[in-house]
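Listed below are the residues making up each chain.
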Amino acid sequence: MTERMGFFTDTSVCIGCKACEVACKEWNDVPDDGFVFRATSYDNTGSLGASTWRHVAFIEELSRVPAGPGQSGDGGSEGIEGWLMSSDVCKHCTHAACLDVCPTGALFRTEFGTVVVQADVCNGCGYCVPACPYGVIDRRERDGRAFKCTMCYDRQLGGLEPACAKACPTDSIQFGPLEELRTRAEERVERLHEEGRPQARLYGASPGDGVGGAGAFFLLLADPEVYGLPPDPVVTTRDLPTMWRWAAGAALSLVGAVAVSFLGRG
Amino acid sequence: MTREREMVPEAEFRSYYGQPVIKPPVWHEPHMPTYLYLGGLSGASSVMGAAARLSGYGRLARTAGVTAALGATAGAVFLVAELGRPERFLNMLRVFKPTSPMSMGSWILAVHSGLTAVAAASEVAGARPVSRPAVARPAFRVTGARPASRPAARPVSRVAGYLPSAVAAVLPLAGGAASLIAGVATGPLMATYTAVLLADTAVPAWHEAHRELPFMFAGSALASAGAAGMLATPRAEAGPARAVAVLGAAVETAAGAVLERRLGLAGEPYHQGKAGRRMRAARVLTAGGGLLATVAGRSRALTALSGLALTAGSLLVRFGVLEAGRASAADPKYTVVPQRRRLAAGEPASLPPPARTWP
Ligand code: SF4
Ligand code: SF4
Chain Y
1 MTERMGFFTD
11 TSVCIGCKAC
21 EVACKEWNDV
31 PDDGFVFRAT
41 SYDNTGSLGA
51 STWRHVAFIE
61 ELSRVPAGPG
71 QSGDGGSEGI
81 EGWLMSSDVC
91 KHCTHAACLD
101 VCPTGALFRT
111 EFGTVVVQAD
121 VCNGCGYCVP
131 ACPYGVIDRR
141 ERDGRAFKCT
151 MCYDRQLGGL
161 EPACAKACPT
171 DSIQFGPLEE
181 LRTRAEERVE
191 RLHEEGRPQA
201 RLYGASPGDG
211 VGGAGAFFLL
221 LADPEVYGLP
231 PDPVVTTRDL
241 PTMWRWAAGA
251 ALSLVGAVAV
261 SFLGRG
Chain D
267 MTREREMVPE
277 AEFRSYYGQP
287 VIKPPVWHEP
297 HMPTYLYLGG
307 LSGASSVMGA
317 AARLSGYGRL
327 ARTAGVTAAL
337 GATAGAVFLV
347 AELGRPERFL
357 NMLRVFKPTS
367 PMSMGSWILA
377 VHSGLTAVAA
387 ASEVAGARPV
397 SRPAVARPAF
407 RVTGARPASR
417 PAARPVSRVA
427 GYLPSAVAAV
437 LPLAGGAASL
447 IAGVATGPLM
457 ATYTAVLLAD
467 TAVPAWHEAH
477 RELPFMFAGS
487 ALASAGAAGM
497 LATPRAEAGP
507 ARAVAVLGAA
517 VETAAGAVLE
527 RRLGLAGEPY
537 HQGKAGRRMR
547 AARVLTAGGG
557 LLATVAGRSR
567 ALTALSGLAL
577 TAGSLLVRFG
587 VLEAGRASAA
597 DPKYTVVPQR
607 RRLAAGEPAS
617 LPPPARTWP
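Protein sequences appear in the order of chains Y and D. Following our numbering, the numbering of the first sequence begins with 1 at its first residue and continues without gaps. Following our numbering, the numbering of the second sequence begins with 267 at its first residue and continues without gaps.
Be a bit skeptical, because a hint or two may be false.
To be verified - Calculated from the model, a selection of chain Y residues having no Cβ within reach of chain D, i.e. all distances over 10 Å:
no., residue
1, E21
2, V22
3, V30
4, D43
5, G46
6, V101
7, G105
8, R145
9, R155
10, P169
11, E194
12, A205
13, R238
14, V255
15, F262
Said to hold, decoys possible - Cβ-Cβ distance ranges computed for the label pairs, FRET-style:
no., chain 1, residue 1, chain 2, residue 2, range
16, Y, R245, D, L557, 28 to 36 Å
17, Y, E179, D, L356, 37 to 45 Å
18, Y, E195, D, E353, 26 to 34 Å
19, Y, G208, D, V561, 31 to 39 Å
20, D, G530, Y, E60, 50 to 58 Å
21, D, F362, Y, G34, 34 to 42 Å
22, Y, E179, D, L359, 36 to 44 Å
23, Y, F35, D, L531, 22 to 30 Å
24, Y, T242, D, F362, 36 to 44 Å
25, D, L531, Y, R184, 35 to 43 Å
26, D, R608, Y, P198, 18 to 26 Å
Derived by calculation from the structure, the hints in this document are not laboratory data. Glycine is no exception: its CB is placed at the ideal position from the N, C-alpha and C atoms.
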């Protein structure tokens, strides 16, 4: 086990069947997240959270959006032109803010290069929650601890692929050594471009991005924010030295202010 | 999205059904803002207590020392209550993690609570009826020059009489040292680290404010400590506390003004809706309380009014900041638009490639 493992989610072949969501819940014994009907789209889970570790986003592309090749749309008529679907998951960032800020060491980096919460250590401080630039991890209020995707750490230890990848009928979710996945993804983007789908792009695949590259990256057919993803996320701890410097300045000013207050009297 | 569409300059931003991109902080009211207030109060009070000890303001030293210890203890209770699993609080002390302001903060709080407790214990044990407040200009010496009007013979306090003699002998020395360390090290950190705690998140209104928040919190901490000192110390010894309160109110107000001016879009949540109302009320209370403190010298009633206004302002600003953070996390605009602008300007966030590969 010397390689960093990852997910490549190719949304161009996602059919929105939610097999991944169900398989994840089944395998990881994740409780329900409330039966909410959102009345926005076929999406009834809404977003990633403590009890949703895979989330399939459904985006209605209305006819004012230019149609892709092979589709008939003149851009003038109303109605749904097509669907964008994408199975979202924890990005298992190279520079993971959640891991950086966790004060208990509950979040750790596994031998597969993934980021996992140890449920028996987490004290539910909730710091990882606003620290994640993707809004992935959350606290389960009934339980008090934080939860998120483990990339099926237990299955990986047993040499198996994660449950979601196993269940995905279209191979939209692919699991494997990260480097290999990146090469495969680039080839896939090229092919889509050749097929006349210039909007295909990779998201989270670059090791030089704001989180140092994601362990779970995506092939998207629209801007990331359309899928509810941040366009250019950055690990907040990048600015931590600057923050401490400003805090030190404020702390010194505080001491100075007190000293002045006493010197001036007496 | 096609290329043509991307060329349209940020007329609209898209989001996934208006849903937030990041998760809002899960921290509750009143726990978190109250902890922020108490932490600041305790931190600044310990600085004030040390200064008062050094310069011979006995009554003020005692008030500030006790406030610092009570603030730290009560703050810790609020912090623990905020946890999803309070019984696991000590898990914070199983690691020492410089990348986590919460980890550093729990260590600071732990050490600070201990120091202020010892300092306060020595103050209380040494407590004796104050004959006359300090009037002579004090010298800055560690032993503390006692004003000449004080009786030279030191009456044994009632409390000290009950302590084992060894403790009673060591306590004044330990108390002095603890007070000094808390005053120059843990106190100033207590009052400011919470700003780093908030800023080191993906919450735009907090992260972008990482320069101003420490000053805002330091000012607010000073104002609250000064207010407590003013409220609980006889007027003749409360002068320095009043000055601390006035300076604190000024720093907090100035930092708030700079924040609102500099932040642009990310600063919007600080002046809109519920957060905006809280921030405005806090500013009125703090500035008003500060101004009042400068003229309240002769009047007990005005001093009390000023102290209460400063306390309320200091508390309210923490509630306002928490609410602004929530609002900025809830609206995807604050996450998406600045990042889009950064990309459009050709300045994507980038980090050096990972330093390590996985074993
Ligand atoms: S996406 Fe969020 S929760 Fe997942 S590793 Fe990155 S920072 Fe942590
Ligand atoms: S909630 Fe748990 S996993 Fe998250 S930062 Fe706190 S201790 Fe770590």
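Hints, verified against the model:
{"no.": "1", "hint": "E21", "in the structure": "16 Å, holds"}
{"no.": "2", "hint": "V22", "in the structure": "21 Å, holds"}
{"no.": "3", "hint": "V30", "in the structure": "17 Å, holds"}
{"no.": "4", "hint": "D43", "in the structure": "8 Å, violated"}
{"no.": "5", "hint": "G46", "in the structure": "7 Å, violated"}
{"no.": "6", "hint": "V101", "in the structure": "5 Å, violated"}
{"no.": "7", "hint": "G105", "in the structure": "4 Å, violated"}
{"no.": "8", "hint": "R145", "in the structure": "6 Å, violated"}
{"no.": "9", "hint": "R155", "in the structure": "18 Å, holds"}
{"no.": "10", "hint": "P169", "in the structure": "24 Å, holds"}
{"no.": "11", "hint": "E194", "in the structure": "16 Å, holds"}
{"no.": "12", "hint": "A205", "in the structure": "13 Å, holds"}
{"no.": "13", "hint": "R238", "in the structure": "6 Å, violated"}
{"no.": "14", "hint": "V255", "in the structure": "5 Å, violated"}
{"no.": "15", "hint": "F262", "in the structure": "5 Å, violated"}
{"no.": "16", "hint": "Y/R245 with D/L557: 28 to 36 Å", "in the structure": "32 Å, holds"}
{"no.": "17", "hint": "Y/E179 with D/L356: 37 to 45 Å", "in the structure": "41 Å, holds"}
{"no.": "18", "hint": "Y/E195 with D/E353: 26 to 34 Å", "in the structure": "57 Å, violated"}
{"no.": "19", "hint": "Y/G208 with D/V561: 31 to 39 Å", "in the structure": "58 Å, violated"}
{"no.": "20", "hint": "D/G530 with Y/E60: 50 to 58 Å", "in the structure": "33 Å, violated"}
{"no.": "21", "hint": "D/F362 with Y/G34: 34 to 42 Å", "in the structure": "38 Å, holds"}
{"no.": "22", "hint": "Y/E179 with D/L359: 36 to 44 Å", "in the structure": "39 Å, holds"}
{"no.": "23", "hint": "Y/F35 with D/L531: 22 to 30 Å", "in the structure": "36 Å, violated"}
{"no.": "24", "hint": "Y/T242 with D/F362: 36 to 44 Å", "in the structure": "22 Å, violated"}
{"no.": "25", "hint": "D/L531 with Y/R184: 35 to 43 Å", "in the structure": "38 Å, holds"}
{"no.": "26", "hint": "D/R608 with Y/P198: 18 to 26 Å", "in the structure": "23 Å, holds"}
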